[in-house]
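Visitor: As you go down the protein sequences, you meet chains X and V in turn.
Note that the working numbering has the first sequence beginning at -1, numbered continuously upward.
Note that the working numbering has the second sequence beginning at 1466, numbered continuously upward.
Hints are not guaranteed to be accurate.
Stated by the list, open to error - Okay, derived cross-link-like pairs now, DMTMM-like style, lysine to aspartate or glutamate, Cα gap no bigger than 25 Å in a straight line:
{"hint": "1", "chain 1": "V", "residue 1": "K1505", "chain 2": "X", "residue 2": "D301"}
{"hint": "2", "chain 1": "X", "residue 1": "K468", "chain 2": "V", "residue 2": "E1502"}
{"hint": "3", "chain 1": "V", "residue 1": "K1493", "chain 2": "X", "residue 2": "D200"}
{"hint": "4", "chain 1": "V", "residue 1": "K1516", "chain 2": "X", "residue 2": "D183"}
{"hint": "5", "chain 1": "V", "residue 1": "K1505", "chain 2": "X", "residue 2": "D297"}
{"hint": "6", "chain 1": "X", "residue 1": "K470", "chain 2": "X", "residue 2": "D496"}
{"hint": "7", "chain 1": "X", "residue 1": "K426", "chain 2": "V", "residue 2": "D1471"}
{"hint": "8", "chain 1": "V", "residue 1": "K1493", "chain 2": "X", "residue 2": "D159"}
{"hint": "9", "chain 1": "V", "residue 1": "K1505", "chain 2": "X", "residue 2": "D454"}
{"hint": "10", "chain 1": "V", "residue 1": "K1485", "chain 2": "X", "residue 2": "D183"}
{"hint": "11", "chain 1": "V", "residue 1": "K1505", "chain 2": "X", "residue 2": "D456"}
{"hint": "12", "chain 1": "V", "residue 1": "K1493", "chain 2": "X", "residue 2": "D357"}
{"hint": "13", "chain 1": "V", "residue 1": "K1505", "chain 2": "X", "residue 2": "E450"}
{"hint": "14", "chain 1": "V", "residue 1": "K1505", "chain 2": "X", "residue 2": "D183"}
{"hint": "15", "chain 1": "V", "residue 1": "K1516", "chain 2": "X", "residue 2": "E220"}
{"hint": "16", "chain 1": "V", "residue 1": "K1516", "chain 2": "X", "residue 2": "E179"}
{"hint": "17", "chain 1": "V", "residue 1": "K1505", "chain 2": "X", "residue 2": "D290"}
{"hint": "18", "chain 1": "V", "residue 1": "K1516", "chain 2": "X", "residue 2": "D297"}
{"hint": "19", "chain 1": "V", "residue 1": "K1516", "chain 2": "X", "residue 2": "D301"}
{"hint": "20", "chain 1": "V", "residue 1": "K1516", "chain 2": "X", "residue 2": "D290"}
{"hint": "21", "chain 1": "V", "residue 1": "K1485", "chain 2": "X", "residue 2": "E18"}
{"hint": "22", "chain 1": "V", "residue 1": "K1516", "chain 2": "X", "residue 2": "D295"}
{"hint": "23", "chain 1": "V", "residue 1": "K1516", "chain 2": "X", "residue 2": "D304"}
{"hint": "24", "chain 1": "V", "residue 1": "K1493", "chain 2": "V", "residue 2": "D1503"}
{"hint": "25", "chain 1": "V", "residue 1": "K1485", "chain 2": "X", "residue 2": "D297"}
{"hint": "26", "chain 1": "V", "residue 1": "K1493", "chain 2": "X", "residue 2": "E179"}
{"hint": "27", "chain 1": "V", "residue 1": "K1516", "chain 2": "X", "residue 2": "E161"}
{"hint": "28", "chain 1": "V", "residue 1": "K1485", "chain 2": "X", "residue 2": "D302"}
{"hint": "29", "chain 1": "V", "residue 1": "K1516", "chain 2": "X", "residue 2": "D302"}
{"hint": "30", "chain 1": "V", "residue 1": "K1505", "chain 2": "X", "residue 2": "E421"}
{"hint": "31", "chain 1": "V", "residue 1": "K1485", "chain 2": "X", "residue 2": "D357"}
{"hint": "32", "chain 1": "V", "residue 1": "K1485", "chain 2": "X", "residue 2": "E179"}
{"hint": "33", "chain 1": "V", "residue 1": "K1493", "chain 2": "X", "residue 2": "D183"}
{"hint": "34", "chain 1": "V", "residue 1": "K1485", "chain 2": "X", "residue 2": "D456"}
{"hint": "35", "chain 1": "V", "residue 1": "K1505", "chain 2": "X", "residue 2": "D295"}
{"hint": "36", "chain 1": "V", "residue 1": "K1493", "chain 2": "X", "residue 2": "E450"}
{"hint": "37", "chain 1": "V", "residue 1": "K1493", "chain 2": "X", "residue 2": "D456"}
{"hint": "38", "chain 1": "V", "residue 1": "K1485", "chain 2": "X", "residue 2": "E450"}
{"hint": "39", "chain 1": "V", "residue 1": "K1485", "chain 2": "X", "residue 2": "D304"}
{"hint": "40", "chain 1": "V", "residue 1": "K1493", "chain 2": "X", "residue 2": "D19"}
Keep in mind that the hints were calculated from the coordinates and are not lab data.
Listed below, chain by chain, are the residues.
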Amino acid sequence: MGQVVGIDLGTTNSIIAALEDGQPWVIPDEDGSMLLPSYVGMSDGGQLLIGQSAWRQYAAAPDRTVKSIKRQMGTDYTVTLGDRTYRPQEISAIILRSLKQRAEAMLEDEVTQAVITVPAYFTDAQRQATKEAGEIAGFEVLQILNEPTAAALVFDLDSEDSETVLVYDLGGGTFDVSIVEVTGDVTEVLASHGNNRLGGDDFDRLLQHFLADRFLQLHDTEVPNDAVTQARLLQAAEQAKIALSEHAFTTVREPFLVSQGETALHLETDVAREDFENLIKPLLTGTLEAIDRALSDVDMTADDIDRAILVGGSTRIPLVQHLVEGHLPDTPVSSFEPDLCVGLGAALQAGVLSGAAVDNILVDVSPHSLGIAAMMDTPLGPVPGLFSTIIPRNSVIPTSQSQVYGTAADGQQIVEIEVFQGENPIAKENVPLGAFRIEGIPPKPAGAVQVEVHFDFDINGILTVTATEKGKGQQQSLVVNDTQTGRLSSHELHQSRDAIASLFGALPLFEAEDDEWVDVDVSLDEQE
Amino acid sequence: MQDYYDRLGLSPGATPAEIKAAYHAKLKEFPAHSHPEDFKAIRAAYEALRKGPQREDDFFAEVPVQAELDPALIEQLRQRASVAVDVTFDDLIRLTF
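Given the sequences, and given the hints that come with them, work out the whole structure.
Guide: This is the structure in structure tokens:
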């Protein structure tokens, strides 16, 4: 039997962790580095580059290098590398497959099952795309686990008393805050909130613009808007950001950044930590508001939190630490392996799910409300298109909930069930998850026909909706993960998996139940 | 209510600490990933007992097409309504001149 692993598929860096005697550990590459930069590129000669090598070529060849693909997960975005166009889940699959190879080389064993983490605030489509990425990479995905929850699993508490922990997770591209109650080996998430588009990438961008302004001041010349120059500037900004976590000042040197006829213009400037802090402070204020909302969702105040844990590379920024400490005045704020603990927690959960000797019990929540569009009575009269919540946010998962609705018009024969995810009282302002109809309802006065809408939400955050007309017992259902755009059919999954495998120079993955199909594919491979 | 107590193996009058301990014990017996239906039942019992006896029939709201509206929503609707009025007013002016 193969080994199980936990994977933190990050915006900027990814890691893979395994279990030994119930203890998780991060698997390094041959050079001993734990983090795999989440970069994928194609070299000049058409060779696939993953991680460090892709990161290195980014400033010289941004058009052949993909970074921060996590931000595109669950969208229909595509990117071209060499002669092929890739979907976000395929780029992520390349990263995952590289981690799989790393683990198999180190463990000298096949690695088949994985728990992959996602930001708690990821939507249904983003989770589904992540699961697909795992499958394209050749994993059986045991669970899609929330990142702050994974981090909380790593914190062993000695006492059997309950402790309430706030996990503040600020990574390269996403932000989450979760309030977690830990009692012995039971970890219960009480509430999660976040922002899917806030992280270190945004800080880099702000600093990049700041450096461009400095250049303009120094040389009275705009930094040209071509991809290579901007990529150099962005990477310089990222390096400066990292340096400013350690030092009060840093010097940015980008020689020959711009050539103007015969003369070359250099960028050489000092950046103070204070400059950087002024840039990012407005964004960080939003994270403090998220803390307050998570607290108010569970009727708590800062005083109820026993301790706060900082997770994610961006929490190395001193201002982040100061702001969180200032916001939770009497709470000890600590940090433990901010880059690794999500992956370590994922490995622990993989151990639990595969039946290894790990005793953690995890209870998680869904951070988004789920419901349908309905007509509701308001002080302004009946209003259609309002969002009627069926599963409120922060409900424990898995969960099943039902709600009964009546027809809104006399003689109504069709009911349309439109499913949404979000918090806006206007249904259309939320994320649409899919829609279906019940037809042939016997014409009766408004409200006389009742339809029960049942939501079933599983542990991976996948929703199944069933609507039943109560009179005739007519029933329609929808598995929401099958209907979203940007999702792959099983045939497409197969194709992607083989395409990615061939990039790694491997034969298509062996399918025990389908020998013939593999044979055909091998012969195709040989013809190329 | 008795069903909920039975499900967690408790008798009425159990203290909050006892309710929580019983809930945790049941979680270990029926983890969410392998026993989803048992888990949901345990969770429903725990939520009901933790809240106290007042809200038993929380899950099935029998009154359709009606919901509690929070003031934020009403404010949003008012704004929409007044925006709609503004547009008509503009159109009127355009038509008139």
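Visitor: Each of the hints needs a verdict: does it hold here or not?
Guide: Going through the hints against the structure:
1. The hinted pair formed by K1505(V) and D301(X) fails the criterion: a straight-line CA distance of about 31 Å is larger than 25 Å.
2. Simply put, K468(X) and E1502(V) have alpha-carbon atoms about 24 Å apart, close enough for the 25 Å limit, and the pair holds.
3. Between K1493(V) and D200(X) the alpha-carbon distance is near 42 Å, which puts this suggested pair outside the 25 Å criterion.
4. With a C-alpha separation of about 24 Å, the suggested pairing of K1516(V) with D183(X) holds against the 25 Å cut-off.
5. At most 25 Å may separate the alpha-carbon atoms for a hinted pair to count; K1505(V) and D297(X) meet this at roughly 23 Å.
6. Simply put, K470(X) and D496(X) have alpha-carbon atoms about 47 Å apart, too far for the 25 Å limit, and the pair is violated.
7. Of the pairs offered as hints, the one joining K426(X) and D1471(V) is violated, with about 43 Å between alpha carbons and a cut-off of 25 Å exceeded.
8. For a cut-off of 25 Å, the pair hint linking K1493(V) to D159(X) stands: about 17 Å separates their Cα positions.
9. For a cut-off of 25 Å, the pair hint linking K1505(V) to D454(X) stands: about 11 Å separates their Cα positions.
10. Taken as a hint, the K1485(V) and D183(X) pair is honoured in the structure, with Cα atoms around 14 Å apart against an allowance of 25 Å.
11. This hinted pair checks out: K1505(V) and D456(X) have alpha carbons roughly 11 Å apart, not beyond 25 Å.
12. Using a Cα cut-off of 25 Å, the hinted pair K1493(V) and D357(X) holds, with the two alpha carbons roughly 8 Å apart.
13. Taken as a hint, the K1505(V) and E450(X) pair is honoured in the structure, with Cα atoms around 19 Å apart against an allowance of 25 Å.
14. Simply put, K1505(V) and D183(X) have alpha-carbon atoms about 20 Å apart, close enough for the 25 Å limit, and the pair holds.
15. Simply put, K1516(V) and E220(X) have alpha-carbon atoms about 63 Å apart, too far for the 25 Å limit, and the pair is violated.
16. Taking the CA atoms of K1516(V) and E179(X), the gap is near 17 Å; set against the 25 Å cutoff, the hint holds.
17. Only pairs whose Cα atoms come within 25 Å are accepted, and K1505(V) paired with D290(X) is rejected, the gap being roughly 29 Å.
18. Restraint check for K1516(V) and D297(X): satisfied, since their Cα atoms lie roughly 13 Å apart, inside the 25 Å limit.
19. Pair hint K1516(V) plus D301(X) holds up; C-alpha atoms about 22 Å apart against a cutoff of 25 Å.
20. With a C-alpha separation of about 23 Å, the suggested pair K1516(V) and D290(X) falls inside the 25 Å cut-off, and the hint holds.
21. Of the pairs offered as hints, the one joining K1485(V) and E18(X) is violated, with about 32 Å between alpha carbons and a cut-off of 25 Å exceeded.
22. Among the hinted pairs, K1516(V) with D295(X) is consistent with the structure: their alpha-carbon atoms are about 15 Å apart, no more than 25 Å.
23. For the suggested pair K1516(V) and D304(X), the alpha carbons sit about 23 Å apart, so the restraint of at most 25 Å is met.
24. Straight-line distance between C-alpha atoms of K1493(V) and D1503(V) comes to about 11 Å, which keeps the hinted pair within the 25 Å bound.
25. At roughly 18 Å between alpha-carbon atoms, K1485(V) and D297(X) fall within 25 Å of each other, so this suggested pair holds.
26. For the proposed pair K1493(V) and E179(X), the alpha carbon gap of about 16 Å is at most 25 Å, so the pair holds.
27. Distance check on the hinted pair: K1516(V) and E161(X) sit about 20 Å apart at the alpha-carbon level, within 25 Å; holds.
28. Of the pairs offered as hints, the one joining K1485(V) and D302(X) holds, with about 18 Å between alpha carbons and a cut-off of 25 Å not exceeded.
29. For the proposed pair K1516(V) and D302(X), the alpha carbon gap of about 19 Å is at most 25 Å, so the pair holds.
30. This hinted pair checks out: K1505(V) and E421(X) have alpha carbons roughly 24 Å apart, not beyond 25 Å.
31. For the hint linking K1485(V) to D357(X), the alpha-carbon distance of about 18 Å falls within 25 Å, and the restraint holds.
32. Of the pairs offered as hints, the one joining K1485(V) and E179(X) holds, with about 12 Å between alpha carbons and a cut-off of 25 Å not exceeded.
33. For the hint linking K1493(V) to D183(X), the alpha-carbon distance of about 10 Å falls within 25 Å, and the restraint holds.
34. Taken as a hint, the K1485(V) and D456(X) pair is honoured in the structure, with Cα atoms around 23 Å apart against an allowance of 25 Å.
35. Restraint check: the Cα-Cα separation between K1505(V) and D295(X) comes to about 21 Å, which is no more than 25 Å; the hinted pair holds.
36. As the CA atoms of K1493(V) and E450(X) are separated by approximately 33 Å, the hinted pair breaks the 25 Å bound.
37. Among the hinted pairs, K1493(V) with D456(X) is consistent with the structure: their alpha-carbon atoms are about 19 Å apart, no more than 25 Å.
38. For the hint linking K1485(V) to E450(X), the alpha-carbon distance of about 33 Å lies beyond 25 Å, and the restraint is violated.
39. For a cut-off of 25 Å, the pair hint linking K1485(V) to D304(X) stands: about 19 Å separates their Cα positions.
40. Taking the CA atoms of K1493(V) and D19(X), the gap is about 20 Å. The hint holds against a cut of 25 Å.
Checked against the numbered hints above, the structure breaks hints 1, 3, 6, 7, 15, 17, 21, 36, 38 and satisfies the rest.
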